[in-house]
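Asks: Listed below are the residues making up each chain.
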Amino acid sequence: AQSVTQLGSHVSVSEGALVLLRCNYSSSVPPYLFWYVQYPNQGLQLLLKYTSAATLVKGINGFEAEFKKSETSFHLTKPSAHMSDAAEYFCAVSASGYNKLIFGAGTRLAVHP
Amino acid sequence: DGGITQSPKYLFRKEGQNVTLSCEQNLNHDAMYWYRQDPGQGLRLIYYSQIVNDFQKGDIAEGYSVSREKKESFPLTVTSAQKNPTAFYLCASSSGTGGSPEAFFGQGTRLTVV
Numbered sequence: 791a792q793s794v795t796q797l798g799s800h801v802s803v804s805e806g807a808l809v810l811l812r813c814n815y816s817s818s819v820p821p822y823l824f825w826y827v828q829y830p831n832q833g834l835q836l837l838l839k840y841t842s843a844a845t846l847v848k849g850i851n852g853f854e855a856e857f858k859k860s861e862t863s864f865h866l867t868k869p870s871a872h873m874s875d876a877a878e879y880f881c882a883v884s885a886s887g888y889n890k891l892i893f894g895a896g897t898r899l900a901v902h903p
Numbered sequence: 031d032g033g034i035t036q037s038p039k040y041l042f043r044k045e046g047q048n049v050t051l052s053c054e055q056n057l058n059h060d061a062m063y064w065y066r067q068d069p070g071q072g073l074r075l076i077y078y079s080q081i082v083n084d085f086q087k088g089d090i091a092e093g094y095s096v097s098r099e100k101k102e103s104f105p106l107t108v109t110s111a112q113k114n115p116t117a118f119y120l121c122a123s124s125s126g127t128g129g130s131p132e133a134f135f136g137q138g139t140r141l142t143v144v
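Going down the list, the protein sequences come from chains A and P.
Read left to right, the first sequence gives residues 791 to 903 (the numbering used here).
Read left to right, the second sequence gives residues 31 to 144 (the numbering used here).
A hint or two may mislead.
As the list claims (entries may be wrong) - With the Cβ distance kept under 7 Å, some of the chain A side facing chain P (calculated, not the full set):
#1 Val803
#2 Ser818
#3 Val819
#4 Pro820
#5 Tyr822
#6 Phe824
#7 Gln832
#8 Lys839
#9 Ala885
#10 Leu891
#11 Phe893
#12 Gly894
#13 Ala895
#14 Arg898
Claimed, not checked - With a cut-off of at most 20 Å between alpha-carbon atoms, the simulated SDA-like pairs for lysine to any residue come out as follows:
#15 P:Lys39 <-> P:Thr142
#16 A:Lys890 <-> P:Ser95
#17 A:Lys890 <-> P:Lys44
#18 A:Lys890 <-> P:Val144
#19 A:Lys890 <-> P:Lys39
#20 A:Lys848 <-> A:Gln792
#21 P:Lys39 <-> A:Arg812
#22 P:Lys87 <-> P:Arg43
#23 A:Lys839 <-> P:Ser95
#24 A:Lys890 <-> P:Val82
#25 A:Lys839 <-> P:Val82
#26 A:Lys890 <-> P:Leu75
#27 A:Lys839 <-> A:Asp875
#28 A:Lys839 <-> P:Lys39
#29 A:Lys839 <-> P:Gly126
#30 A:Lys890 <-> P:Phe85
#31 A:Lys890 <-> P:Leu41
#32 A:Lys890 <-> P:Gln71
#33 A:Lys858 <-> P:Gly33
#34 A:Lys848 <-> A:Gly806
#35 P:Lys39 <-> A:Gly806
#36 A:Lys890 <-> P:Asn114
#37 P:Lys87 <-> A:Lys848
#38 A:Lys890 <-> P:Val49
#39 A:Lys890 <-> P:Glu54
#40 A:Lys890 <-> P:Phe42
If you're looking for bench data, these hints aren't it; they were derived computationally from the structure.
In this text, all values refer to a predicted model and were calculated from it rather than measured experimentally.
Using N, Cα and C, we set each Cβ at its ideal position, and we do this for glycine too.
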C-alpha cells in the first residue's frame, strides 16, 4: 500500500526566497513519485516526476525535487520564489507498473512581496 | 489538441436527484480515474478503470457509479445516496500499466447541492 504525507498545509515565503515543500511517502514497492500544481478552480498540472532514473529531478517553472530513499522523502524546491508560484501543490505516489495515484493533502503556497 | 475534457464546469443538483459528470479523453489512454477534492483533504479516489468494460472502487465509492463502455469516456454518476456531494470533481487518465506513469487531469466540475 502507498501513502503520502505533506508537512505543512500552508507555507508562506517572500518573493525571491527559497521555496521548500515537504513530502514523505510510504510504499511497499519501488515508487513512482510526482508533484502537481493546482491554480484556483482548475485541474492539476504535472510539475515533475521520479521514475527510478536520476534521483534529482528537474521540472517546469524552475522547480526540482530530490528522491531520498533512506529518508522516504521527495521534497520540492525552487531557489527563488515568484508571485506566480502562489498555488496549491500536491505530492503523489504510485506503485511501479500500476498507475493508481495516491495524493497527499496538499500544501498551499503563498508568496508575498 | 490532445487532452481531457470535463463537462459541465459547474453543476447544480437538487437533493434527491442523480447527476452525471462527463469525462472524455483523446490521449488513447487505457486508464481513467475520478477523484473528489474537498478543502484540506487533497484528492480522494472514487473509481478507476484500467481497461474498457472494467472498473474498480476507490476509497470513497459509496453513492457513486461509473461506466466504461468506450476507451475515451468514463462518466461519473452522483446518486441520491451520496449524502454530501458538494465538491470539486476531477477526472484523470494515464497510459496504463507499463506506460508513462503520470496522470493527466481535466479542468474539473464543481458540483453544488441546492
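Asks: State for each hint whether it applies.
Replies: Hint check results:
no. : hint                  : verdict
1   : Val803                : violated (20 Å)
2   : Ser818                : violated (16 Å)
3   : Val819                : violated (12 Å)
4   : Pro820                : violated (12 Å)
5   : Tyr822                : holds (4 Å)
6   : Phe824                : holds (6 Å)
7   : Gln832                : holds (6 Å)
8   : Lys839                : holds (5 Å)
9   : Ala885                : violated (9 Å)
10  : Leu891                : holds (5 Å)
11  : Phe893                : holds (4 Å)
12  : Gly894                : holds (6 Å)
13  : Ala895                : holds (4 Å)
14  : Arg898                : violated (9 Å)
15  : P:Lys39 <-> P:Thr142  : holds (11 Å)
16  : A:Lys890 <-> P:Ser95  : holds (18 Å)
17  : A:Lys890 <-> P:Lys44  : violated (32 Å)
18  : A:Lys890 <-> P:Val144 : violated (32 Å)
19  : A:Lys890 <-> P:Lys39  : violated (24 Å)
20  : A:Lys848 <-> A:Gln792 : violated (23 Å)
21  : P:Lys39 <-> A:Arg812  : violated (31 Å)
22  : P:Lys87 <-> P:Arg43   : violated (23 Å)
23  : A:Lys839 <-> P:Ser95  : violated (31 Å)
24  : A:Lys890 <-> P:Val82  : holds (16 Å)
25  : A:Lys839 <-> P:Val82  : violated (27 Å)
26  : A:Lys890 <-> P:Leu75  : holds (9 Å)
27  : A:Lys839 <-> A:Asp875 : holds (18 Å)
28  : A:Lys839 <-> P:Lys39  : violated (28 Å)
29  : A:Lys839 <-> P:Gly126 : holds (16 Å)
30  : A:Lys890 <-> P:Phe85  : holds (12 Å)
31  : A:Lys890 <-> P:Leu41  : violated (27 Å)
32  : A:Lys890 <-> P:Gln71  : holds (18 Å)
33  : A:Lys858 <-> P:Gly33  : violated (32 Å)
34  : A:Lys848 <-> A:Gly806 : holds (19 Å)
35  : P:Lys39 <-> A:Gly806  : violated (35 Å)
36  : A:Lys890 <-> P:Asn114 : violated (24 Å)
37  : P:Lys87 <-> A:Lys848  : violated (34 Å)
38  : A:Lys890 <-> P:Val49  : violated (25 Å)
39  : A:Lys890 <-> P:Glu54  : holds (18 Å)
40  : A:Lys890 <-> P:Phe42  : violated (29 Å)
The earlier numbered hints that this structure contradicts are 1, 2, 3, 4, 9, 14, 17, 18, 19, 20, 21, 22, 23, 25, 28, 31, 33, 35, 36, 37, 38, 40.
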